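*Asks:* What follows is each chain in one-letter form.
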Amino acid sequence: MADIALRDVEKYFGDNYIIRKLSLEIQHREFLVLLGPSGCGKTTTLRAIAGLEDIDSGEILIDGQPVQSRQAADRDIAFVFQLFALYPHLTAYENIAFPLRATKEAKSVVDQRVREVARALRIEALLDKRPSALSGGDMQRVAIGRALVRRPKALLMDEPIGALDAKLREEMRAELKHIHLQNEATTVYVTHDQVEAMAMADKIAIMNEGVLQQVGSPADVYQYPANLFVAQFVGSPIMNVVNGAVRPGDGCTRVMLGEDDAVLRFPSELYHKVVEHHHAEDEVAIGVRPEGVLVARQSTDGYIPVEAHIIEPLGPYDIVDLKFGKQLLRSRTASGYVEKAGDVVWARLDEKQTHFFNTLTGESLQIRL
Amino acid sequence: MAHVELRSITKKFRRHTALSDLSLDVADGEFFVLLGPTGAGKTTTLRLIAGLDAPDSGSILIGDADVGKWSAAERDVALVFQYYSLYPHYTVRENLEFPLKSKHRHFSAEEISSRVGRAAKTLRIEHLLARKTDRLSGGEMQRVSIGRAIVRQPRVFLMDEPLSNLDAKLREILRAELKDLQMKLGATFLYVTHDQVEAMSMGDKIGVLNHGRIVQVGTPYQIYNQPRNTFVATFVGSPAMNLLSGVMRDRRVVVAPGKLEIPVQGEVAPRLAPGTERLTLGVRSEDVIVGPGGGLEGQVYGVENHGVEKIVTLKVDEHLLKATVPARMAIAVDSTVPFTFNPSKLRFFDAQTGANLGSVKEEVNHG
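Listed in order, the protein sequences are those of chains F and L. Position 253 of the first sequence, counting from 1, maps to 253 under my numbering, and the rest follow consecutively. So the number in my numbering is just where the residue sits in the second sequence, counting from 1, plus 1000.
It is worth saying that the hints were derived from the structure and are not from the lab. From a predicted model like this one, the values you see are computed outputs, not experimental measurements. Note that beta-carbon positions come from the ideal geometry of N, C-alpha and C, so glycine has one too. Incorrect hints may have been included.
[Unchecked claim] Listed below are the simulated BS3-like cross-link pairs for lysine-lysine, each with C-alpha atoms no more than 25 Å apart in a straight line:
hint, chain 1, residue 1, chain 2, residue 2
1, L, K1345, F, K167
2, F, K340, L, K1205
3, F, K323, L, K1121
4, F, K352, F, K273
5, F, K203, L, K1169
6, L, K1205, F, K167
7, F, K326, L, K1184
8, L, K1184, F, K323
9, L, K1184, F, K340
10, L, K1315, F, K167
[Said to hold, decoys possible] Label-pair distances were calculated between CB atoms; the ranges are:
hint, chain 1, residue 1, chain 2, residue 2, range
11, L, A1330, F, E363, 28 to 36 Å
12, L, P1257, F, K129, 32 to 40 Å
13, F, S299, L, E1318, 50 to 58 Å
14, L, Q1352, F, V109, 40 to 48 Å
15, L, T1353, F, Q298, 40 to 48 Å
16, F, T359, L, S1008, 58 to 66 Å
17, L, R1135, F, G251, 47 to 55 Å
18, F, K352, L, D1053, 51 to 59 Å
19, L, N1165, F, L52, 23 to 31 Å
20, L, Q1226, F, A166, 20 to 28 Å
Produce the complete structure using the sequences and hints provided.
*Replies:* Shown next as structure tokens:
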């Protein structure tokens, strides 16, 4: 039961910042995911919250109380690592019960707590087994059980399912989220996998090179990325980004992809919004996710002819590379909609799903049509 | 370029059978993906074709020649590994030239230079030619490794998980590049991976391998829509296909009496052997349709945001199943929602063996 707050937290080695001016509010019972590429400072941030790492400046508060001077053990926080740190000579039961040994609880209370946690994690049948007899997924369940059994205020997890295979990760994702909901603890979860972050988080904090890029709900960061880094880090396939320009047209704004490789008609308000936000510059980076590239098999008003290149059939849908002149944009279509490479189809960009970024800073111009 | 054929290959390592009675046909100019979990025998298969190992029985044909007695060099195939085996103190150009300067080959300096130039252009690494390989990023190193295979102009390219050490974004980019490269070269590719997305997106054909046996060969579309058994059904596709065990009662598959009963009348009905009533029902998440008028009800166990869509886990009794819904649909954990199945997309599997039973409709279609 904890609110966690970070205020202007910094950490550096010499001139190298690991974390730079990081402020973050994590509410009670929230599932916050720290997302970023390796070396972005996410694990250091998590370890600082746990008290496993000192910070150079700023404050970390748990339930409003600064905790920098408190030892890790006194923060009432449980930590789960990527590699299951279990005692090999103890059974799953004994591993889960281990943190309660020091609490001097009655045996019956310990037993009840262990079984409760085991039920939630669906490992009741495995309690007598040693770690060596368990699969990777089950070992990680035991490790999580050991963290939960103390009923900590907050649960911190560092890529807890990163070492498991794809199918098991998919299952564990749903289970971990379910456990979080049942457990009513605050969870801070670190990963470099954007699918995991999107799937599990109430709120995602995206970091790059020690700097917080954006905080928001999965829907927010997906639909309204703050900058090009977030736009291309979140979402798969990657958001298409093409440098281009916007020009006023006849009752419309003309959006040019590349050096007028393709010209698309957008609402006339777009040009004014770009100029307003963008210091009268008309050069922009145009971003659109594959589902925002709309495709028709016949010539349709507002659509331009494009040539299909590689088609990736992914099962429920296809990803089709379309040549807008020299610019390649990927589109998500119904399975089999575009038949083969070389076919000509018609396409346009959905204005509600098209993003405009400053070409120099990468910041989103925050234009919503 | 050449086609590759494996006929009844068996390979044992001491008492462990790595491959049993494996037959495979890779057409000339085809992008063939061998897909399977760790330990399925994928790498062993590649090594046999490359001539790095010999099978215990069966034959290997490249072009139309049986290459069983040929050395690795004579087979003229190129292997690209997961770990880029580049010479660290040499430049990219030197690394690319290396395979052309071996004793067995006699290329003129001009020929070498022209081949290296063309490969570098194809892979867009021309600007890196003078750089030492230890100064390259992972993606660049893998491009150079592939370049080393290209310059030789081998008859077949064998690739062993070449993208698996790269991060997700780079994998996505290189996936498209590799497919593009294969199309441009018109080359025969045999590509090994455990990643079903790679297999689906790149392969003209996929061979699914498990425990040293080929389970199914088909186009990505066939593998996804008509999986031969429950292994293929759950290994290919994300999220994995929902599998529910039930019994046939009165033209309905009963999974949970009164709560999860699915009518399977007429053409949709499974081809069950007489006297059998147990079966496994398979349905992909995109064919579980959440919305009013569904006829079935489930409690929302979890909701995952996937950007363009959400994946909802529904609980009916003790059964969990996943449904894909549009991202815009508001759906709360613990609420009860109506749903139904797309009847034409139901798949039926034998409860014991997991084999696809097919449906009456297919029987009609196939005569």
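*Asks:* Please go over all the hints and tell whether each is borne out by the structure.
*Replies:* These are the hints, each one checked on the structure:
1. Distance check on the hinted pair: K1345/L and K167/F sit about 22 Å apart at the alpha-carbon level, within 25 Å; holds.
2. Between the alpha carbons of K340/F and K1205/L the distance comes to roughly 15 Å, so the proposed pair stays at or under 25 Å and holds.
3. Restraint check for K323/F and K1121/L: the C-alpha separation of about 20 Å stays at or below 25 Å, so the hint holds.
4. Taking the CA atoms of K352/F and K273/F, the gap is about 14 Å. The hint holds against a cut of 25 Å.
5. For the proposed pair K203/F and K1169/L, the alpha carbon gap of about 22 Å is at most 25 Å, so the pair holds.
6. A C-alpha spacing of about 22 Å is found between K1205/L and K167/F, which places the hinted pair at or below 25 Å, so the restraint holds.
7. Our distance criterion of 25 Å between C-alpha atoms is met by K326/F and K1184/L, whose separation comes to about 17 Å.
8. Simply put, K1184/L and K323/F have alpha-carbon atoms about 16 Å apart, close enough for the 25 Å limit, and the pair holds.
9. Taking the CA atoms of K1184/L and K340/F, the gap is near 15 Å; set against the 25 Å cutoff, the hint holds.
10. The suggested pairing of K1315/L with K167/F holds, with an alpha-carbon distance near 19 Å, which does not exceed 25 Å.
11. About 30 Å separates the C-beta atoms of A1330/L and E363/F, a value consistent with the hinted range of 28 to 36 Å.
12. The supplied range of 32 to 40 Å is met by P1257/L and K129/F, whose beta-carbon atoms lie about 34 Å from each other.
13. Between S299/F and E1318/L the CB atoms are about 53 Å apart, so this pair conforms to the stated range of 50 to 58 Å.
14. For the hinted restraint 40 to 48 Å between Q1352/L and V109/F, the CB-CB distance of approximately 45 Å keeps it satisfied.
15. Separated by about 47 Å at the C-beta atoms, T1353/L and Q298/F satisfy the suggested range of 40 to 48 Å.
16. One distance hint, 58 to 66 Å for the beta-carbon pair T359/F and S1008/L, holds here, with the actual separation near 59 Å.
17. The beta-carbon spacing between R1135/L and G251/F, approximately 53 Å, falls within the hinted interval of 47 to 55 Å.
18. In this structure the hint that K352/F and D1053/L lie 51 to 59 Å apart at CB holds, the actual value being about 56 Å.
19. The beta-carbon spacing between N1165/L and L52/F, approximately 29 Å, falls within the hinted interval of 23 to 31 Å.
20. For the hinted restraint 20 to 28 Å between Q1226/L and A166/F, the CB-CB distance of approximately 22 Å keeps it satisfied.
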